[in-house]
Amino acid sequence: MAEEKNLIEIKNLKKYFPVKTGFNKYNYVKAVDDVSFFVKKGETLGLVGESGCGKTTLGRTILRLHEPTEGQILYNGEDITHVDMLPFRRKMQIIFQDPYASLDPRMTVGDIIGEALDIHKMYHSKEERRDKINGLLDIVGLNTEHSNRFAHEFSGGQRQRIGIARALAVEPEFIVCDEPISALDVSIQAQVVNMLEDLQIERGFTYLFIAHDLSVVKHISNRIGVMYLGHMVELSDSNELYRHPLHPYTQTLLSAIPIADPKLSRAKKRIILEGEIPSPMNPPSGCTFRTRCPYATDICAEKAPELKEWSPGHYGACHNLDKVNG
Amino acid sequence: MEENKKNLVEVKDLEVSFFTYAGEVKAVRGISYELKPGEVMGIVGESGSGKSVSSYGLMGIIPSPGKVIGGQIIFDGQDMTKLPEKELLKIRGKDISMIFQDPMTSLNPLFTIGNQIEECLKKHTDLSKEDRQKRMVELLTLVGINQPEKRLKQYPHEFSGGMRQRVMIAMALSCDPKLLIADEPTTALDVTIQAQILELMKELKDKIHMGIVFITHDLGVVSEICDNICVMYAGTIVEQGSSDQIFYEPKHPYTWGLLASVPKIDSDGHERLVPIEGNPVDLINPPKGCPFAPRCRYCMKVCIDQAPPQCTVGEGHTAACWLPVKEAREMEG
Chain A
1 MAEEKNLIEI
11 KNLKKYFPVK
21 TGFNKYNYVK
31 AVDDVSFFVK
41 KGETLGLVGE
51 SGCGKTTLGR
61 TILRLHEPTE
71 GQILYNGEDI
81 THVDMLPFRR
91 KMQIIFQDPY
101 ASLDPRMTVG
111 DIIGEALDIH
121 KMYHSKEERR
131 DKINGLLDIV
141 GLNTEHSNRF
151 AHEFSGGQRQ
161 RIGIARALAV
171 EPEFIVCDEP
181 ISALDVSIQA
191 QVVNMLEDLQ
201 IERGFTYLFI
211 AHDLSVVKHI
221 SNRIGVMYLG
231 HMVELSDSNE
241 LYRHPLHPYT
251 QTLLSAIPIA
261 DPKLSRAKKR
271 IILEGEIPSP
281 MNPPSGCTFR
291 TRCPYATDIC
301 AEKAPELKEW
311 SPGHYGACHN
321 LDKVNG
Chain B
1001 MEENKKNLVE
1011 VKDLEVSFFT
1021 YAGEVKAVRG
1031 ISYELKPGEV
1041 MGIVGESGSG
1051 KSVSSYGLMG
1061 IIPSPGKVIG
1071 GQIIFDGQDM
1081 TKLPEKELLK
1091 IRGKDISMIF
1101 QDPMTSLNPL
1111 FTIGNQIEEC
1121 LKKHTDLSKE
1131 DRQKRMVELL
1141 TLVGINQPEK
1151 RLKQYPHEFS
1161 GGMRQRVMIA
1171 MALSCDPKLL
1181 IADEPTTALD
1191 VTIQAQILEL
1201 MKELKDKIHM
1211 GIVFITHDLG
1221 VVSEICDNIC
1231 VMYAGTIVEQ
1241 GSSDQIFYEP
1251 KHPYTWGLLA
1261 SVPKIDSDGH
1271 ERLVPIEGNP
1281 VDLINPPKGC
1291 PFAPRCRYCM
1301 KVCIDQAPPQ
1311 CTVGEGHTAA
1321 CWLPVKEARE
1331 MEG
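Quick mapping for you: the protein sequence lines, in order, are chains A and B.
Just so you know, the first sequence maps onto residues 1 to 326 in our numbering.
Just so you know, the second sequence maps onto residues 1001 to 1333 in our numbering.
Any given hint could be a false lead.
Keeping only pairs whose Cα atoms sit at most 25 Å apart, straight-line, the calculated PhoX-like set for lysine-lysine is [unchecked claim]:
no., chain 1, residue 1, chain 2, residue 2
1, B, Lys1207, A, Lys268
2, B, Lys1036, B, Lys1264
3, B, Lys1178, B, Lys1153
4, A, Lys263, B, Lys1205
Calculated directly from the structure, the hints in this document are not laboratory data.
In this text, all values refer to a predicted model and were calculated from it rather than measured experimentally.
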């Protein structure tokens, strides 16, 4: 069972952003608040949640693109929370959300992909660099003559392919996919999802797949974590999560997905949440979901619930799990 | 004449082009559809398929350098493309109103919500100040905003995304329009908020008898709310029919592709997605034949040379494709 090794382990990770509220006074946006989980080698962990729940911040903090406020990040058992990241950048990469904003408009595609090769000195001659870039373009389904063009000459789907080629350039083991398809058209989304899956099978990548589109996350992930206001409220195997959502938030989230099937969606009963997501600067006391939760009781206001194992491999953070699922 | 009375909107062979430096971009290339009062028509398509532009045509607000270069839009017996700006001003906001995609940018940050809703009432009705206030409170209650009196005095930045979209809907409904155009009203919102807004629109549809044109790229949203659906691709309507027909008996390969490329949420097994290969066409030089032919798995010789006819494939169900045409299939052998 060598496959079962944890590649990434996160322990009580916190990321607070300071907001100036007066002279020398600060308030903190608790973007990620006390999150712990692990990602096994070769698996895909999906992260879902509404905008502002901290899923992107979490992904970036793991790569130390944001410095964590507290907590530990372990890569292959090694603590990387405070070390020089350069050697680890070769192993951990990210694909960004917006393919229009994440590519330098003044660089050719070849240079965008080659930059990573330059930094890590991954070639001995110009020819080798060129061959590597061409090889990468080929992997993501672009032509080698595209390497002399600029990013604006490509469509959204093609740009996302360039972004993927850039991430692949350093031959990483772990890739954070930060909403890689949400800026793309439906017909193009499936192309990119399939490509990511093929690459995983061929090269044994480990993915952290962040998205707000639950059906895509379910499709690509082995396990899924659900986030709400900086906390992980549920973590489970993906099929299990969809069949038996434990947490009241996951239940509403699942019931809110529009289904592309008129008869089913007419028959479906929806749980419609009241209100909106509270401000992360001033989150409710205790359980952050209690202000919108139909099952909230007194204890929810007093104590923050911990992530507990409900059934093997299925964790939920709620005081009233027995009542909700009784 | 009898036919005309029944339809609220009739779009006939509408063509819209944008005259850019790079050339003429044919954004909409001859689309036709009809809408009856109380009906919801969904227009689905990818970005650049002309779905938004075609409905801007209904309002007469196609941005420059765009122009309607052919066809008719008949609303309430009048051809909207021929009306002078003065007449259009009387219709916009009163008989036809619109909800835009991005609630964050479509409200003026310098005016209170009350100010902005009142503007429309001032222009199109002769209500007194007190009556307008009453009407606004009524509207905000209708769209589910609590403490309407207090909220009317607030500025847009004091509202969240979902609340702003509710304000936009209240504004659009202020003069009891006959036609509401909703241009991706839920795309910028989170799923839980999207569910709230869709629920609200469904309620309103039953309460107020108006026609709705619902533009979106999300097939799930369409299946929730629409009676009829037009599927657009490269400025043309490739398939048109009732919601059930489009979802259960699709006849156009593009519709097949769209339906197959979204992951099914309720399946346990892992099925591979079936993408539509290739990229959308360039509308400066649209292909001579069927615009979908270069990406179509069932492409025949005739598809490349000749634009496909609108084939009737069921009651009120048409598809612009050569596949249902027997002669075309026989020629191919």
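Broken hints, by number: As far as the earlier hints go, 2 and 3 are violated by this structure, in ascending order.
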